[in-house]
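Protein chains in written order, with the UniProt record's numbering: chain L, 1 to 310; chain C, 1 to 419.
Among the hints, a few may not be true.
Said to hold, decoys possible - Simulated pairs of lysine-lysine, BS3-like, Cα-Cα distance not exceeding 25 Å: (1) Lys-418(C) / Lys-203(C); (2) Lys-292(C) / Lys-203(C); (3) Lys-225(C) / Lys-418(C); (4) Lys-161(L) / Lys-234(C); (5) Lys-52(C) / Lys-75(C); (6) Lys-75(C) / Lys-104(C); (7) Lys-132(L) / Lys-234(C); (8) Lys-325(C) / Lys-361(C); (9) Lys-171(C) / Lys-161(L).
What the hints assert, rightly or not - Computed footprint of chain L on chain C, listed as stretches where at least three residues anywhere in the stretch have a Cβ under 8 Å from a Cβ of chain L: (10) 69 to 75; (11) 91 to 99; (12) 236 to 245; (13) 266 to 277; (14) 373 to 381.
As the list claims (entries may be wrong) - Far from chain L by the CB rule (all over 12 Å, computed), these chain C residues: (15) Gly-174; (16) Ala-289; (17) Lys-292; (18) Ile-346.
Honestly, the hints are just simulated from the structure, not real lab data.
Note that the structure is predicted; figures quoted are calculated from it, not measured.
The C-beta atom is built at its ideal place from N, Cα and C for all residues, glycine as well.
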Amino acid sequence: MGGKPQKKPFPWHIPVFLAPAVLIYTLVMILPLAETLRLSFFQRDAVSQATSYVGFANYARLFFDPFWGGPFFNALGNNLYFFVIHMLVQNPIGILIAALLSMTHLPGKKFYRTAIFLPTLLSFVVVGFVWKLMLSPLWGVSKDMMSSVGLGHLFMPFLGKEETALTTLSLISVWQFVGIPMMLIYAALLSIPDEVIEAAECDGVTGLSQFFKIKLPLILPTVGIISILTFVGNFNAFDLIYTTQGPLAGPNFSTDLLGTILYRTFYGQQTQPGDPNMGAAIATVMFFIILAGVAVYLFVIQRKLTRYEM
Amino acid sequence: MKTALRGALLAATVLAACGPAVAEDVTLTIESWRNDDLSIWQETIIPAFEAKHPGIKLVFAPVAPTQYNAALNAKLEGGTAGDLITCRPFDGSLDLYAKGYLAKLNDLPALENFSEVARSAWTTDDGSATFCVPMAAVIHGFIYNKDAFAEVGVEVPSTQAEFMDVLARLKDEGSYVPMAMGTLDQWEAATMAYQNIGPMYWKGEEGRKALIAGTAKMTDPEWVKPLEVIAGWKPYLGDGFEAQAYADSQNLFTLGRAAIFPAGSWEISGFKRDADFELGAFPPPLPAAGDKCYISDHNDIAIGLNAASPNADAARTFLEWMGTKEFAELYSNSLPGFFSLSSHEITLDDPLANEFVSWRKSCDSTIRSAAQILSRGTPNLWSQMWGVAANVVNGTQSPADAAAEMQAGLAAWYEPQKN
Chain L
1 MGGKPQKKPF PWHIPVFLAP AVLIYTLVMI LPLAETLRLS FFQRDAVSQA
51 TSYVGFANYA RLFFDPFWGG PFFNALGNNL YFFVIHMLVQ NPIGILIAAL
101 LSMTHLPGKK FYRTAIFLPT LLSFVVVGFV WKLMLSPLWG VSKDMMSSVG
151 LGHLFMPFLG KEETALTTLS LISVWQFVGI PMMLIYAALL SIPDEVIEAA
201 ECDGVTGLSQ FFKIKLPLIL PTVGIISILT FVGNFNAFDL IYTTQGPLAG
251 PNFSTDLLGT ILYRTFYGQQ TQPGDPNMGA AIATVMFFII LAGVAVYLFV
301 IQRKLTRYEM
Chain C
1 MKTALRGALL AATVLAACGP AVAEDVTLTI ESWRNDDLSI WQETIIPAFE
51 AKHPGIKLVF APVAPTQYNA ALNAKLEGGT AGDLITCRPF DGSLDLYAKG
101 YLAKLNDLPA LENFSEVARS AWTTDDGSAT FCVPMAAVIH GFIYNKDAFA
151 EVGVEVPSTQ AEFMDVLARL KDEGSYVPMA MGTLDQWEAA TMAYQNIGPM
201 YWKGEEGRKA LIAGTAKMTD PEWVKPLEVI AGWKPYLGDG FEAQAYADSQ
251 NLFTLGRAAI FPAGSWEISG FKRDADFELG AFPPPLPAAG DKCYISDHND
301 IAIGLNAASP NADAARTFLE WMGTKEFAEL YSNSLPGFFS LSSHEITLDD
351 PLANEFVSWR KSCDSTIRSA AQILSRGTPN LWSQMWGVAA NVVNGTQSPA
401 DAAAEMQAGL AAWYEPQKN
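Using the sequences and the hints, build the whole thing.
As C-alpha cells, this is what we get:
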C-alpha cells in the first residue's frame with residue numbers, strides 16, 4: 001500500500017437524494033416567495049401604466065398612509081383577536097375532549113372521535129354557508145333553539161353586528177378545527193406509557209391531579225405544536241370570512257383579517273381595480289408576521305419546554 | 001341491448017369522424033358575469049344569431065358576478081379569455097382597454113345606433129376611442145306587492161312623506177315586513193337605497209357633474225339628505241336585517257312576507273318567476289310634491305372584443321348584429337328590466353318593465369354618482385359608499401359622519417376635491 005492517505009470520494013448520493021425535494025420546494029415555495037418580495041418593491045404608474053422600482057414606498061404607504069394603515073392595523077388587530085379566541089377556546093376544548101376520549105371506559109368513543117373530527121374535513125364554503133343559514137334571523141334555527149332553552153332574548157343577528165360578528169366567526173372556525181388539537185393530543189395521551197400512570201397511581205396521584213401533574217406536562221410539547229399550527233392557520237385565514245361576510249368583511253370591516261384585506265388589494269373589489277404590488281407588500285408583511293411568530297416559538301418557547309423521555 | 005350499445009358507439013364514431021369535415025365553423029366564447037341569463041342566451045339570442053350567420057357558433061360562458069372581474073383579469077393575463085368580453089361600465093373596462101386587452105371599435109358601424117350618453121360608459125375620457133358595444137341600462141325604483149298594498153289599504157306613495165306614511169301603516173298593520181332590505185352585503189344599502197333615492201336630492205346629472213368638477217362636496221346638504229332618508233328606513237326593515245344578505249331580501253319579498261323591495265329593474269324576471277302575487281313598481285318618492293323627478297338609469301352592460309382573439313372577424317360580425325333593432329328587441333324582451341341602450345324604437349311586452357321604462361319620459365336620467373372618474377383612487381369611493389351606507393342604515397354611523405368620511409376619502413386623492 002502506498003503512503004498517501006486515500007481521499008474520500010465526494011458523497012454524491014447526498015445531493016442526488018436531496019435534489020427532488022429541494023427542486024420542488026424551490027419551485028413551488030421559494031421562487032413564489034421571492035417573486036412576491038420583488039413585486040412589492042414595484043408600482044404601476046397611474047398615468048403612464050409603466051411599472052417601476054419604488055423601493056419601500058409601498059410599505060411606507062401601507063403603514064403610514066391613513067387610508068392604508070387604518071384598514072391594515074384594524075385587520076391586524078382583528079387577526080390577533082381571532083387568534084386569541086382560538087387559543088382560549090379551541091385548544092382547551094381540544095385538550096378536554098382528548099382527555100375524555102382517552103378514558104378507558106367511554107362508550108361510543110369512536111363515534112365521538114369521528115363526529116368531532118368531521119367538520120375539519122369540510123370545505124370552508126360548506127361550513128360558512130351552513131352556519132350563515134343557521135344563524136340567519138329570517139330562516140335560521142338558532143333563534144328557535146335558543147328560545148327553547150329560555151335564551152331567546154339573547155338572540156341577535158350575530159353576523160350583522162359589529163360587536164358580535166368577529167367573535168361569532170372565530171367560534172365557527174373553532175367549531176370547525178377543534179378536531180385537530182383533539183386528534184394530536186389524543187395521540188400524545190395514548191403514547192404516555194402505562195408504567196408512568198401506574199407509578200403515579202402507586203404514589204396516590206389519581207383523577208384530576210394525575211391529569212394536571214403527570215399527563216399535561218407530558219403533552220405540553222404537542223400543545224406547543226398545536227399553538228403554532230393555529231397561529232399560522234389564523235394569520236392565513238380568509239375563506240370563512242369571504243364566504244360568510246363577502247370581500248368587504250362587514251359590518252364596517254369588523255371582521256376584516258389580513259387575508260381579506262390582501263384579497264381586496266390584490267384582486268380588487270367592484271370598481272376598485274386590483275393592485276398586485278400593494279397586495280404583494282401586504283403578503284410579504286403577513287409572511288414576516290408569521291415568520292416572527294414561528295421564530296418566537298422555536299427560539300424562546302420551545303427551548304423552555306421540558307421534554308421527558310418516555 | 002348490446003346491439004343498441006354497439007349502434008350508439010358506431011354512430012358516435014361516424015359522427016366524430018365527420019366532425020372535422022363540417023367544422024369550418026368558428027366558435028366564439030362570450031365571457032360574462034350574467035349567469036342568471038344563461039338560458040336566455042342559449043335558447044333565444046344565440047339561436048337567432050346562428051340562424052342568420054351560419055358558420056359562427058356562440059358559447060355563452062358566465063361566472064358568478066362577484067368573481068367576474070378577478071377571473072376575467074386572470075384569464076386575460078394568461079391569454080385564455082374568450083373572444084367576446086362582457087364589459088362592466090366605466091373604469092373596469094377602461095382599465096382593460098388601457099392595458100390593451102380590449103380592441104378599439106370606432107370603425108364599427110353599429111356604434112352609430114347608440115347615443116353618446118350610452119357610449120360614454122365605454123369610451124375613453126377624451127372621447128377618442130370606444131371599446132365596447134353598449135347593451136343595456138338598469139333603472140332603480142321600488143317594486144311592491146300589490147296584494148299586500150290592497151290588503152293593508154295603502155296607496156302607491158309619490159312623495160317622501162307619503163312613502164314614510166305607507167311604511168308606518170304597513171308596520172302598524174303587522175302582517176308584512178314593510179320593506180325587504182338587509183345590510184350584510186353592504187351593496188344593497190349603497191345601490192338599492194342611496195343610489196336609488198339619491199338622484200332626487202342631488203338633482204341627477206347636475207349634482208353628479210358638480211361633484212366631478214369639484215364645485216360640490218359630499219358633505220353638502222344635497223348629498224347628506226339622502227343618507228338621512230335611508231337612516232329613517234331602519235325601523236321598517238325586517239328583524240335582524242343586519243345579518244340579512246341580498247338573496248335573503250329577494251326571498252323575503254318573493255315569498256310574500258315583505259311589501260316593498262327597493263329594487264333595480266334587473267330583478268323583474270326573477271321576481272316574476274318566483275313571486276305568486278301581483279307585482280307593481282313605483283319610482284323613488286319625490287322629496288316634496290311638485291319637485292322635478294330624477295331616476296338612476298345606469299349604463300350597466302356592454303360587449304367588447306378581446307384584442308387577442310384569433311376570430312376577430314367573426315366577433316365583429318356578432319358585435320355588428322348587436323347594433324341591430326332585432327337584437328335590441330330580442331334582448332329587452334327576453335330580459336325584462338335590462339333596457340336596451342340603442343336608439344331604435346322598441347316595444348316591450350312586459351308591463352312591469354314598461355312601468356320602469358316609462359319613467360324615462362317624466363324623469364331625467366342619471367348614472368350612479370360614484371361610477372365615473374370618482375372611483376379611480378384609493379380609497380375607492382364606491383367601496384366606501386357600500387360601507388358607510390350600510391353603517392347609516394344600521395344606525396352605527398350618523399349621516400353627517402358618513403358624508404364626512406366619503407368626502408375625506410375623495411379629497412385624499414381627487415385633485416378637484418382637494419382644499
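Results for each hint:
With a CA separation close to 23 Å, the supplied pair Lys-418(C) and Lys-203(C) stays within the 25 Å bound. Distance restraint check for Lys-292(C) and Lys-203(C): the Cα-Cα separation of roughly 8 Å lies within the 25 Å cut-off, and the hinted pair is therefore satisfied. Restraint check for Lys-225(C) and Lys-418(C): satisfied, since their Cα atoms lie roughly 23 Å apart, inside the 25 Å limit. Distance check on the hinted pair: Lys-161(L) and Lys-234(C) sit about 14 Å apart at the alpha-carbon level, within 25 Å; holds.
The suggested pairing of Lys-52(C) with Lys-75(C) is violated, with an alpha-carbon distance near 30 Å, which exceeds 25 Å. Our distance criterion of 25 Å between C-alpha atoms is met by Lys-75(C) and Lys-104(C), whose separation comes to about 20 Å. Taking the CA atoms of Lys-132(L) and Lys-234(C), the gap is about 22 Å. The hint holds against a cut of 25 Å. Between the alpha carbons of Lys-325(C) and Lys-361(C) the distance comes to roughly 21 Å, so the proposed pair stays at or under 25 Å and holds.
Of the supplied pair hints, the one linking Lys-171(C) and Lys-161(L) holds, its CA atoms being roughly 23 Å apart against a limit of 25 Å. Figure legend: the stretch 69 to 75 of chain C, annotated as covered by chain L; annotation consistent (3 residues with Cβ-Cβ distances under 8 Å, at least 3 required). With 5 residues having a Cβ less than 8 Å from any Cβ of chain L, the stretch 91 to 99 of chain C passes the three-residue criterion, so the hint holds. With 8 residues having a beta carbon nearer than 8 Å to a beta carbon of chain L, the stretch 236 to 245 of chain C meets the requirement of three or more and the stated coverage holds.
With a cut-off of 8 Å between beta carbons, the stretch 266 to 277 of chain C has 0 residues touching chain L; three or more are needed, and the interface restraint is violated. Three residues within the 8 Å Cβ limit are the bar, and the stretch 373 to 381 of chain C against chain L gives 5, so the coverage statement holds. Annotated as non-interface, Gly-174(C) keeps its C-beta farther than 12 Å from every C-beta of chain L; the closest such distance is 17 Å. Distance check for Ala-289(C) against chain L: the nearest CB is about 35 Å away, which clears 12 Å, and the non-interface claim stands.
Every CB of chain L is more than 12 Å from the CB of Lys-292(C) (nearest about 28 Å), matching its label as outside the interface. In this structure Ile-346(C) is separated from chain L by more than 12 Å, as the shortest Cβ-Cβ distance comes to about 29 Å.
The structure shown violates the earlier hints numbered 5, 13.
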